[in-house]
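Below, each chain spelled out in residue letters.
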Amino acid sequence: MSTALISIVIFNIIVALIVSLVFVPVLVWMERRVAGFIQDRLGPNRCHIGGLRLGGLVQSFADMIKLVFKEDYVPNSVKEKMLFRLSPAIVFATAYLSFMVIPFADDLNIDGKSYIMQALPIEFGILWILAFAGLGVYGLMLGGWASNNKYSLLGGIRAAAQVVSYEAVMGLSLISMLIVYGSTHFGDMVRFQGELIWGIIPAWGVIIQPVAAILFIVTAFAETNRSPFDIAEGESEIVGGFHTEYSAMGFGLFFVGEYIAMGVASALIVTIFFGGYQIPWLNTAALYEHINMVFMVIIVVLPLVSYVFARWIKKNNVWHKKDDVRNKETRWLIIGLIGVNILVIFTLLLFLLFGLEENGINISVALLQVMTFVVKLLMVNFFFIWVRWTLVRFRYDQLQNLAWKVLLPIAIANIFITGIFVVALGV
Amino acid sequence: MIDIIFIILSFFAIIGGLGMILFAQPIYSALSLIVCLVALGGVFALLSAPFLFMVQIILYAGAIITLVLFIIMFLNVKSDNLPNEPYKIPTILVGGILLVPFNLLIIKGFSTLEDKPMHIIGEGFGSIKGFGMELFRNWLVPFELISILLLVALVGAVVYLRKEKSDG
Numbered sequence: 001m002s003t004a005l006i007s008i009v010i011f012n013i014i015v016a017l018i019v020s021l022v023f024v025p026v027l028v029w030m031e032r033r034v035a036g037f038i039q040d041r042l043g044p045n046r047c048h049i050g051g052l053r054l055g056g057l058v059q060s061f062a063d064m065i066k067l068v069f070k071e072d073y074v075p076n077s078v079k080e081k082m083l084f085r086l087s088p089a090i091v092f093a094t095a096y097l098s099f100m101v102i103p104f105a106d107d108l109n110i111d112g113k114s115y116i117m118q119a120l121p122i123e124f125g126i127l128w129i130l131a132f133a134g135l136g137v138y139g140l141m142l143g144g145w146a147s148n149n150k151y152s153l154l155g156g157i158r159a160a161a162q163v164v165s166y167e168a169v170m171g172l173s174l175i176s177m178l179i180v181y182g183s184t185h186f187g188d189m190v191r192f193q194g195e196l197i198w199g200i201i202p203a204w205g206v207i208i209q210p211v212a213a214i215l216f217i218v219t220a221f222a223e224t225n226r227s228p229f230d231i232a233e234g235e236s237e238i239v240g241g242f243h244t245e246y247s248a249m250g251f252g253l254f255f256v257g258e259y260i261a262m263g264v265a266s267a268l269i270v271t272i273f274f275g276g277y278q279i280p281w282l283n284t285a286a287l288y289e290h291i292n293m294v295f296m297v298i299i300v301v302l303p304l305v306s307y308v309f310a311r312w313i314k315k316n317n318v319w320h321k322k323d324d325v326r327n328k329e330t331r332w333l334i335i336g337l338i339g340v341n342i343l344v345i346f347t348l349l350l351f352l353l354f355g356l357e358e359n360g361i362n363i364s365v366a367l368l369q370v371m372t373f374v375v376k377l378l379m380v381n382f383f384f385i386w387v388r389w390t391l392v393r394f395r396y397d398q399l400q401n402l403a404w405k406v407l408l409p410i411a412i413a414n415i416f417i418t419g420i421f422v423v424a425l426g427v
Numbered sequence: 001m002i003d004i005i006f007i008i009l010s011f012f013a014i015i016g017g018l019g020m021i022l023f024a025q026p027i028y029s030a031l032s033l034i035v036c037l038v039a040l041g042g043v044f045a046l047l048s049a050p051f052l053f054m055v056q057i058i059l060y061a062g063a064i065i066t067l068v069l070f071i072i073m074f075l076n077v078k079s080d081n082l083p084n085e086p087y088k089i090p091t092i093l094v095g096g097i098l099l100v101p102f103n104l105l106i107i108k109g110f111s112t113l114e115d116k117p118m119h120i121i122g123e124g125f126g127s128i129k130g131f132g133m134e135l136f137r138n139w140l141v142p143f144e145l146i147s148i149l150l151l152v153a154l155v156g157a158v159v160y161l162r163k164e165k166s167d168g
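Chains A and B, in that order, are what the protein sequence lines are. Residue numbering for the first sequence follows the numbering used here, starting at 1 and increasing by one per position. Residue numbering for the second sequence follows the numbering used here, starting at 1 and increasing by one per position.
The reader is advised that the hints may include incorrect statements.
[As the list claims (entries may be wrong)] Covered stretches of chain A, going by a simulated chain B footprint (3 or more residues, C-beta under 8 Å):
#1 125 to 131
#2 145 to 159
#3 163 to 172
[As the list claims (entries may be wrong)] Some chain A residues judged to face chain B by a derived CB distance under 10 Å, without partners named:
#4 H48
#5 L83
#6 L135
#7 M141
[To be verified] With the Cβ distance kept under 8 Å, some of the chain B side facing chain A (calculated, not the full set):
#8 L47
#9 P50
#10 I57
#11 G62
#12 F74
#13 V77
No wet-lab data here; the hints were simulated from the structure. Beta carbons: idealized from backbone N, C-alpha and C, even for Gly.
Using the sequences provided together with the hints, build the complete structure.
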């Protein structure tokens, strides 16, 4: 056990923690603000800590604290107390464990040794994801059943039927991607997507296999039980579905689990179809070669972007009462922005002046890739939220018809066509 | 280390198997079966067969038991509808005693095995690639026969459902 190994493992686990658990309040905030934007209203923006509102982000932390400290009430009608308690934990744990096989950066070389940048460095990531997607539905089913309530039971049964049918399509759409990539290792997949087709277009999964991408995105929506596939908790029909009887942190775990599952689905979409951690036209080798150029571009672009952002904050971040503490926020935000700018530019100038040794270049490449991954992840998360507030919910029979009569034949045809192409081209 | 993990896994597998038989409520039986299957999957992983481990969890623990649970929940068995089983424990004890000679035979068989070192054979052993190559090169005909068998079962299920629909 070398120090490099230990620190890389700790770094990966911390990144996995941040991207899954710490992102939940951010995603909740995004969901509310985007919903507000789409419905032409503001969304939460009042809650503050000493004047600091962060555009309403503080509200989600307040909500989390509320959920933790609320009275945890279990109705008397609940007979199976153990299962009732266990099921939110199953939902949360399976969603969280799925995140462990997502690669955040290309394999990191330190002193000639290569380390896989996943929290759990295994090479059959796709199978791991499918396994935990299948186990996660037990939480919904058992929660619905243990609540001893017909609406909850209906919600649980709907969730089970939906996940089982969409899992089949998801597996089949993944098989065509496996034929293309020739590996079950996420790292190999992303490395494949770092290449270029005919020297211009990045070889992303979505460009090589658009049909599989659409199938996978649709089934990912169904697997996460999000709108338009949220019949398991369709509030207009069955109250709250499987979580009707849950209060406080029992509900909180379902809630957090749902957002982590959304994060996992987004991370999978990014990794398999949108080039993972690769910056378009700049794969790991190119990034390694042109690292000084990248630093210079950052030094030039970062202050410009920050200037526009600061102008935007100054114009929009105003509280309507003159002497309110919330009016001071703009100044602090701008000071913070300038501080970050100075810090980043100073560090990068130091790197440029004194040059980096090989380990340093490798680490900065990895950090840039982690940031790229996070940006892509947030973009796909935004897409999830956008769809939720745009499309209406499917009816149950429409949902099953879509899975078995439309998506499944397309997925099988796609596998055949992909197979023929791969054999014909001999790649 | 491997011995300790093996003992823990086999403990859970046996507990799960016992629970599967002993619980009166079918949902708990199904859940015990999940525990048993996941523990068995762990044993596969311990034998450096990661593909088998994942498939065990995806197919058995993930898909098949989900269907079983789904049907149990669909029937919604109430606890007063469950059959009364007064002789459950004695029956199981008698059954266990009857199985003792068989188990002795297995233990005897194991004790005659040669003592071999327990370590992973080669780098690619049990990997997905090696497994696939073995399956599609040396065992292609049995593989295809089994898939035809599954297809026949699938078509049979569809035909069976169609008939019931036309009657009602």
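*Closer than 10 Å between Cβ atoms is the bar; does L135 (chain A) clear it against chain B? Give me holds or violated.*
For L135 (chain A), the interface hint holds, since the closest Cβ of chain B sits about 6 Å away, which is under 10 Å.
*Are there three or more residues in the stretch 125 to 131 of chain A whose C-beta lies closer than 8 Å to some C-beta of chain B?*
With 4 residues close enough to chain B, the hint holds.
_How does the stretch 145 to 159 of chain A fare against chain B when you require at least three residues with a CB closer than 8 Å, holds or violated?_
holds (count 4)
*Can G62 (chain B) be said to touch chain A, with a Cβ gap under 8 Å?*
G62 (chain B) check passes; min Cβ-Cβ to chain A is 2 Å, inside 8 Å.
_Hint validity - I57 (chain B) Cβ closer than 8 Å to any chain A Cβ_ = Holds, because the Cβ-Cβ distance from I57 (chain B) to chain A comes to roughly 4 Å (cut-off 8 Å).
*Please verify that hint: M141 (chain A), Cβ, nearest Cβ of chain B, below 10 Å or not.*
Holds - the Cβ of M141 (chain A) comes within 10 Å of chain B, reaching about 6 Å at its closest.
*Using 8 Å as the Cβ threshold, decide whether F74 (chain B) counts as touching chain A.*
6 Å, holds
_So, as I understand it, the hint says H48 (chain A) touches chain B; can you test that by seeing if any CB pair is closer than 10 Å?_
45 Å, violated
*Given P50 (chain B) was flagged as interface, is its beta-carbon under 8 Å from a beta-carbon of chain A?*
Status holds, d = 6 Å.
_Hint check: 8 Å Cβ-Cβ cutoff, V77 (chain B) to chain A_ = 11 Å, violated
_Quick check: do three or more residues in the stretch 163 to 172 of chain A have a beta carbon closer than 8 Å to a beta carbon of chain B?_
holds (count 3)
*Taking the closest Cβ pair, is L47 (chain B) under 8 Å from chain A?*
15 Å, violated
The structure fails to meet hints 4, 8 and 13 from the earlier list, while all remaining hints are met.
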